[in-house]
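Engineer: With these hints in hand, go ahead and build the complete structure from the sequences.
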Amino acid sequence: MMTWILLGVGLLLTAGTAIFVASEFSLVALDKHTVEKAVGRGDKGAKGVMNALTHLSTNLSGAQVGITITTLIFGFAVKDPLTNVLSSLLSFTGLEASIVSTTALALAMVLSYGFSVVFGELIPKNLAIAAPFETAKIVAPMQHGFTIALKPLIMMFNATANFFLRLLGVEPQEELSAARSPAELDSLVRHSAQAGTLDEGTAVLLSRTLQLADRTAADVMTHRGAMISIDMSEPASEVLALTADSGKSRFPVTDESEDDVVGIVQARQAIKLPPSERSRTRVEEIMSEVVRVPETVGLDSLLEDLRAQGAQLAVVIDEYGGTAGIVTLEDVIEEIVGEVSDEHDTDEPERFAQGGVDEWTVSGLMRPDEIRRDMGVIIPESPDYETLGGLIMDRLERLPEVGDVVEVPGVRFEVVDLDGRRVDTVDMKLLSDEARARTEHEEEGSNE
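One point on numbering: in UniProt numbering, the residue at position 211 of the sequence shown is 211, and numbering is uninterrupted.
Just to be clear, a hint being listed does not mean it is correct.
DSS-like, lysine-lysine: derived pairs with alpha carbons at most 25 Å apart [as the list claims (entries may be wrong)]: (1) Lys32 / Lys125; (2) Lys44 / Lys32; (3) Lys47 / Lys32; (4) Lys137 / Lys125; (5) Lys125 / Lys272; (6) Lys137 / Lys47.
Simulated from the structure, these hints should not be mistaken for laboratory data. Note that the coordinates shown come from a computational prediction; the quantities given were computed from them, not determined experimentally.
Structural biologist: Shown next as structure tokens:
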């Protein structure tokens, strides 16, 4: 009779272990905001969970103590009675008594350990991860009661652990931090989109917004060589002529060279003038102050600067103090929402066009990250260049010519057209899957 009583005690102890394990994992997996909303709705069970989350470190310590106690007592309680039961069963095999007792003991240890792991730890752990809030509402009150009952012992263990943490220079925290890094938020957005809880279009916008700080003005600016500027001594009528020719409505105003940008002029400032005054009014009389930013400024900071100063365009300054190019508010917004066209834009050639299978005609001004995003092709990135044209010149180590061919791992480039000394158009061919970009889903799968 005592044998079966002890085995029954073992079952109860395993149930206790399961409660502590489920409490530990559900509290860690819970989103505090979800619990706060449930409390606001009047969910009675949520109040106990919220209390446990508020004192998370103490409750997790209590769960650990509970797991240790129940597991140790389980081992002592079931080893002998289970060995006796197995010995009785094995005695019918006709084996020697010493072999029977040794085998029974080994089997008892394996079976009891396996039972404890599966039913006391793995099942409650997986349940808590799958349904943390529902699980916490059931087990947290019981675990919290245990923590209160053994609070002096638990506090002693917790204080000892915290003492050694502080020796290592780490300050213990009672609650998990609710703050998340941009990379963590980006991962959450992508997982939510894959799970179908977030619209794909919304997920793309959120992801691009979170990545904004990783990009700089140098990444999105119109380079000095492609910049359309106007001299300050030109008449205002020339602003309207430039607008008609280029489709742009804002231009940097220069003095003696493009390194000397003294202001910004807008087409509307010229339009406000009476037609008879436009040829007699100089650009310097209608221009406005220019915003200057370094090449290295992050797009999030740039966006804030433009908004704070009510500006639509800024001049980008390189490390030598010269003009590197210009960047507009539209350039920044396009990093989030994609290409934006307005009534002033002229029809511009496509930045890339699909040719045959794994073949494209590409603008030399496209960046490696844009090629990866739009065409799924990986090409090397380097601080030595920012565009595809820059990569080609870097590999050639001379000024490019039409017909020049450059190969990088898995990709072949041929210069099709030049704009002065700049690479204007390139034929790109994917030679092997080595350079084919994997999808985010494939990348995450390979990391699991």
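Engineer: Honestly, which of those hints from before does the structure not fit?
Structural biologist: Result: hint 5 breaks, nothing else.
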